[in-house]
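Produce the complete structure using the sequences and hints provided.
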Amino acid sequence: QKEVEQDPGPLSVPEGAIVSLNCTYSNSAFQYFMWYRQYSRKGPELLMYTYSSGNKEDGRFTAQVDKSSKYISLFIRDSQPSDSATYLCAILNFGNEKLTFGTGTRLTIIP
Amino acid sequence: GAVVSQHPSWVICKSGTSVKIECRSLDFQATTMFWYRQFPKQSLMLMATSNEGSKATYEQGVEKDKFLINHASLTLSTLTVTSAHPEDSSFYICSARDGKLADTGELFFGEGSRLTVL
Chain A
19 QKEVEQDPGP LSVPEGAIVS LNCTYSNSAF QYFMWYRQYS RKGPELLMYT YSSGNKEDGR
79 FTAQVDKSSK YISLFIRDSQ PSDSATYLCA ILNFGNEKLT FGTGTRLTII P
Chain B
1218 GAVVSQHPSW VICKSGTSVK IECRSLDFQA TTMFWYRQFP KQSLMLMATS NEGSKATYEQ
1278 GVEKDKFLIN HASLTLSTLT VTSAHPEDSS FYICSARDGK LADTGELFFG EGSRLTVL
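As they're listed, the protein sequences go chains A and B.
Start counting the first sequence at 19; every next residue gets the next number (the numbering used here).
Start counting the second sequence at 1218; every next residue gets the next number (the numbering used here).
One or more hints might be untrue.
Said to hold, decoys possible - A short, non-exhaustive set of chain A residues, derived as facing chain B with CB atoms under 10 Å:
{"no.": "1", "residue": "VAL22"}
{"no.": "2", "residue": "GLN24"}
{"no.": "3", "residue": "PRO26"}
{"no.": "4", "residue": "LEU29"}
{"no.": "5", "residue": "PRO32"}
{"no.": "6", "residue": "ALA35"}
{"no.": "7", "residue": "GLN56"}
{"no.": "8", "residue": "ARG59"}
{"no.": "9", "residue": "GLU63"}
{"no.": "10", "residue": "LYS85"}
{"no.": "11", "residue": "THR104"}
{"no.": "12", "residue": "LEU106"}
{"no.": "13", "residue": "GLY120"}
{"no.": "14", "residue": "THR121"}
Calculated from the structure, these hints are not laboratory results.
What you are looking at is a predicted structure, and each value in this text was computed from that prediction instead of being measured.
Just so you know, even glycine gets a beta-carbon here, dropped at the ideal spot from N, CA and C.
Set out below in structure tokens:
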């Protein structure tokens, strides 16, 4: 079993729709939860990070963590074509400072 | 925000040659840098952790003699792919952690270097 599981997609939704991206993880030692956005042939850029269960909002983006279920989500409201990218969840284990990435979900927003 | 510069962004080389990729933190000192490899449609796989002034820590399965990492200063780490072969063709990405932000775990990524070995 992979430490971090993420549906690779691809996922296509119409502009304006709400997008839900999800990851599950297996290691309870994971302490920091991040979402990165990666455009084609570019390095990842950090979107959001959180370390506690619950929701964290930043504009159109909401990160949700459920530590009891080992489940994390990223919601994108009012999706825009510019949101089309690959979204990777990443989880940091502070014990060994390792960042473990999901496989990434390729998202396309259709105008 | 913090910027990490990676160079070259694209390199093509012949099989058997060595290629060096540079990763620089432009506006902060990075005591720790990380090197990842990303194959098409796959996630980033951590290759090694580079600590300034000490030897890199390689992940299981990564050949340290093939992927030489040097972190000689707080703003520069280099990855040298020695005797490159076509199977080494991949997207190599570095990331750096601002020492002051260590508590947040935030990493800043370079733009990546695409290596094609003919």
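Results for each hint:
1. VAL22: It holds, given that the least Cβ distance between VAL22/A and chain B is near 8 Å, below 10 Å.
2. GLN24: Given a least distance of 8 Å, the restraint on GLN24/A holds.
3. PRO26: holds, 7 Å
4. LEU29: violated, 14 Å
5. PRO32: violated, 24 Å
6. ALA35: violated, 24 Å
7. GLN56: holds, 9 Å
8. ARG59: Result: holds, 7 Å to nearest chain B Cβ.
9. GLU63: holds, 7 Å
10. LYS85: Since the shortest Cβ distance to chain B is 16 Å, the answer is violated.
11. THR104: Since chain B brings a Cβ to about 9 Å from THR104/A, closer than 10 Å, the hint holds.
12. LEU106: OK, holds: LEU106/A within 10 Å of chain B, min 7 Å.
13. GLY120: holds, 6 Å
14. THR121: holds, 4 Å
Hint violations for this structure: numbers 4, 5, 6 and 10, all remaining hints satisfied.
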